[in-house]
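Asker: Between the sequences and the hints, there should be enough to build the whole structure, so can you do that?
Protein chains in written order, with this note's numbering: chain U, 12 to 353; chain X, 12 to 353; chain G, 12 to 353; chain C, 12 to 353.
Just so you know, these hints were derived from the structure itself, not from any lab. A quick note: this is a predicted structure, and the numbers were derived from the prediction, not measured. Where hints are given, some of them may not hold.
Which copy? The list can't say, so a pair holds if one copy fits it or any two copies do.
Capping the alpha-carbon separation at 30 Å, the derived lysine-lysine pairs in DSSO-like fashion look like this [claimed, not checked]:
{"hint": "1", "residue 1": "Lys348", "residue 2": "Lys144"}
{"hint": "2", "residue 1": "Lys142", "residue 2": "Lys348"}
{"hint": "3", "residue 1": "Lys261", "residue 2": "Lys144"}
{"hint": "4", "residue 1": "Lys261", "residue 2": "Lys142"}
{"hint": "5", "residue 1": "Lys144", "residue 2": "Lys236"}
There are 4 protein chains.
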Amino acid sequence: MIRVGVIGYGYWGPNLVRNFAELPGVQVAAVSDLRPERLALVKSRYPSVHTMADHREMLADSGIDAVAIATPISTHSDLALQALQADKHVLVEKPLAARSEHAIRLIEEAERRRRVLMVDHTFVYTGAVRKIKELVSSDALGDIYYYDSVRVNLGLFQHDVDVIWDLAVHDLSIMDYVLPYRPCAVSATGMSHFPGQPENIAYLTLFFDEALIAHMHVNWLAPVKVRRTLIGGSQKMIVYDDLEPSEKIKVYDKGISRTSGAESVYQMLISYRTGDMWAPQLDSTEALRTELRHFVRCIEHGQAPLTGGEVGLRIVEILEAASRSMAERGRPIELEKCGATA
Amino acid sequence: MIRVGVIGYGYWGPNLVRNFAELPGVQVAAVSDLRPERLALVKSRYPSVHTMADHREMLADSGIDAVAIATPISTHSDLALQALQADKHVLVEKPLAARSEHAIRLIEEAERRRRVLMVDHTFVYTGAVRKIKELVSSDALGDIYYYDSVRVNLGLFQHDVDVIWDLAVHDLSIMDYVLPYRPCAVSATGMSHFPGQPENIAYLTLFFDEALIAHMHVNWLAPVKVRRTLIGGSQKMIVYDDLEPSEKIKVYDKGISRTSGAESVYQMLISYRTGDMWAPQLDSTEALRTELRHFVRCIEHGQAPLTGGEVGLRIVEILEAASRSMAERGRPIELEKCGATA
Amino acid sequence: MIRVGVIGYGYWGPNLVRNFAELPGVQVAAVSDLRPERLALVKSRYPSVHTMADHREMLADSGIDAVAIATPISTHSDLALQALQADKHVLVEKPLAARSEHAIRLIEEAERRRRVLMVDHTFVYTGAVRKIKELVSSDALGDIYYYDSVRVNLGLFQHDVDVIWDLAVHDLSIMDYVLPYRPCAVSATGMSHFPGQPENIAYLTLFFDEALIAHMHVNWLAPVKVRRTLIGGSQKMIVYDDLEPSEKIKVYDKGISRTSGAESVYQMLISYRTGDMWAPQLDSTEALRTELRHFVRCIEHGQAPLTGGEVGLRIVEILEAASRSMAERGRPIELEKCGATA
Amino acid sequence: MIRVGVIGYGYWGPNLVRNFAELPGVQVAAVSDLRPERLALVKSRYPSVHTMADHREMLADSGIDAVAIATPISTHSDLALQALQADKHVLVEKPLAARSEHAIRLIEEAERRRRVLMVDHTFVYTGAVRKIKELVSSDALGDIYYYDSVRVNLGLFQHDVDVIWDLAVHDLSIMDYVLPYRPCAVSATGMSHFPGQPENIAYLTLFFDEALIAHMHVNWLAPVKVRRTLIGGSQKMIVYDDLEPSEKIKVYDKGISRTSGAESVYQMLISYRTGDMWAPQLDSTEALRTELRHFVRCIEHGQAPLTGGEVGLRIVEILEAASRSMAERGRPIELEKCGATA
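Answerer: Okay, here's the thing in structure tokens:
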């Protein structure tokens, strides 16, 4: 039996508690939150869970094995560090930290104490993204030409982070998981329409050493909700629409053929071909359930998580570079962890 | 009776000929094309039209009042200049020229000879874009926050120009028409996936002096066709989907309200409101018909066209700056004609 | 404080319990179900609720004011009668009874004992259907020409009732609420594809004294989910798509104009006109919450519910007639409660 | 060289002329129409085509081999008979005749004179319908459970025929082509909302000897255009949406499994399974081009057309029965040509 504590019972915390509560072999032992009314809500729903305002009480409880952190981003790394130092396994809501130095500090601490450090990149655990990973890994797409995502809606404004840290973090973590390449530079543009507030609309371009380009559009101020990613390959192309109720992934047997011949402005050397479209059946298990099961398994078997500290750090580094580029109207910023993965 | 000649009977030329032929008070007198099989096609469809391989024969015909040019981009300005010098009124397919100096030369020549010089920015003449213009001009949207367009599909590769010059030119001309502001800088990124070929995917961000940002995504290699523009304002927002058969324009009574109060990471100072959606009935006249009627009227009454040389030049200048920025991975390039229009 | 008991904790019961539990002034006192595992689930979620296998225990509890019944259709009227005889107010899941005699018996009993008898026609309490009612009542549509609904998906097969009693009951209750006319005859066709099982696909046409026709398509075996109703009027037409996340109701300013003139097969005497489309903002409160609040208010103030016994009876009578017609391959069956409502 | 004449240059005639004109080995020799302005239009488009008001002039021309008839329905059989008697091969716009006796008369005449008699069931020649035929014939769908089509829009009112004869004729001809069964009875309901005019909305149910049901909804008065057919089978199901620009056919690997076990109202004996969806690439040749090529080939090789007189007659017989049933509010009418095809 793994005993879990959850810090923060705001927007995401209830999902963590609910899913942990339903996992066999897991017990939600404690929940902390600064707001009494949130703790009262926990009590009404889970009378047997211990609630507290001060998370240090939870960390001091040696009966608790693991802690999940669902608090504002600026507090992630400090709370995670405290939890690791109290010898807890830690799951941190995305992004892992607000600064890459802090993420590095967490990785070191987790390693030293041999604790699981995992970041909650939820989309990596969806049936849709896992299917994309499978398709890309099997070379079904051929050479990858581009990765283009749009994640916009009329949504909650955040006050402590810009829209890149709030929304693009999802797309970056999906891209990091499915592509076998890591970006070498980023150019970002964006704007805040409300003085003193962080940027509410942003565009990121990611450059690679390969003949591949990635782009993300994130926006808190769109009249319609769009969650669409296009992945173009030389053999096949994917449209991933997360709002589709059943056919989230469509694989198009479309591509480009180069034909040889004399070149002229009137002659096409490059033509396209179109074939069938196919929408594979997807695992519809709630992603967070799959993810928490994985977290528990990593604790039990001392495994490295799929979305561990290093992954979390890579994403934070891109977020930092993107913010820097955005402040300079798109000037490209180099990234270090560049190139094809082994 | 206005007698018209058309140079180039490839993809767009047939549309020009068909629409000119149906306009009262207009006669298609001549069509030139380098390819005999295209001229044969003209003859089979319009036996009374004079056809020729050499456009100079057309320009030498003093009975011809106006010439429309629908040839590869690299030839636009040279052909247009010849036509002006032959004292013809000239309509040039978009973009007006491949270099801004050439566009300037055309403007000067047209002015000197008091000829109409018009660029074929077709979308400006659609019912949809005219309705957007009307909504923006009437301040229905409030402050304009952003202009975001996507124009992608699996389409014809051009060999003489990149995808910005081929596709973004449409979005730039629409934006130039509907917005009362002119961009001050551009950052563009993109890529060619085929060695020796121009970029086939590109992203443009346009910066303004105002709290407004514009972005365009153009792509010849997308598995699905998308033609969607979002225009966000403080009072209302527009979704313009050109592929919708009937409801191309949707106006959302959605926006943002700033509420005052104590600031904290848990408190929302900015909230959104949602109201009705409204899809206005649009004029469904073929845009090219409206446009050519306007061209003829400008000739007859000596009027300045809605999409004259200056407009064409502005767009070419942005295209040039975008190409330059794209070559430097998004480095922002300043634009001169910046600011609010009178 | 109204104390409520719920009989049946299968598919719909949990929604009743959850919504009652969240209503101020209401307490869920007891839940009964024949299956121990369902009762265990209640206990885990609501430790303070009294659970029992035998509903008679609940009815015998004089501290319970009202009972909601969410059991198989064949048991509705018997359980409701017992509850009324125990002087409880009663809410019955749709349809009110499996036979119209039984519904009549319930109405009489409720009247005699001055108890609230309400049937759970949930859709009547949605923001969408209430908006349609408002539009129809205000004569915005002009003369109503037709009511056409499609309710199909790959869904749960019922064993005790056919697809008309399971799905068309929703459409009949919506139609009964929004239209000011009652049908005079019904013709139904359908089929069972599984020997010994009730019909899994069916089509109903409803005839009126007015120049109005209604039709419903219900199907448990469709590869895609459709929930779409068209309501055509002489002035405006409504499309109600319940699967649309935000724009469930679209009002089209489209209609028919009769023009006078000489009649010939080549001349159109009837032409159509098209105008704007408008999607009104809708109340998005969960329908069941609105409905249960109404139930409680009816109990407290002795009011007649919007969907009381008479409404439930009317629907059961149509369902009976439709089943009879379906057995005779569409032979029309007359209905008694025919004509315009006051 | 086959020389063709076309009678009627209204809505459909121009499509016939254009497609015949582009077929190699075919020459459009003559067009007749009662309206001088239509003949003028022919002349402006095809200067070499002989035009005439009186079709008898065309029939008297022994140089003309075949005649296509695109006139109002009431005139189809008389014109076709005259053409056959003048020893022409004949293509008749759908439906073949306004009465089944007339269709029989045409079949006899064509047989006696060994002329090709073909009815223009255009949809049979589309890539989409041919793909459906292929899927059904290969038993990919398993047992066919139902055929359900919706064909509605705000469209042209016809004055000489009701909406069944105008629109359902398309669906009946598609169904006749793709299903290996012929219906045994029909129940139809419908209504005219304009005194003295034919029905503008109608619903048809078709009964078969097999465990199969078909239904069609046709409507000239719908605010939105819908062209959607569902075909349900025990193994797979098809959604055919003719308005989809590219993925008109979607094949769902969905179906029903019967599981054995003790029966109770709480236990499901019938459950469904869902798998991949697949949208096959379709031949996008214009259907009319394929059809006319087939017509010409039948003439040249003395072949029987895919949509010959017998097919046309079968459809007319169903249309007659449907009209009769509609007049009696859905009373089922038996059909003779009932059962499985060889």
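Asker: What are the numbers of the hints the structure violates, in ascending order?
Answerer: none
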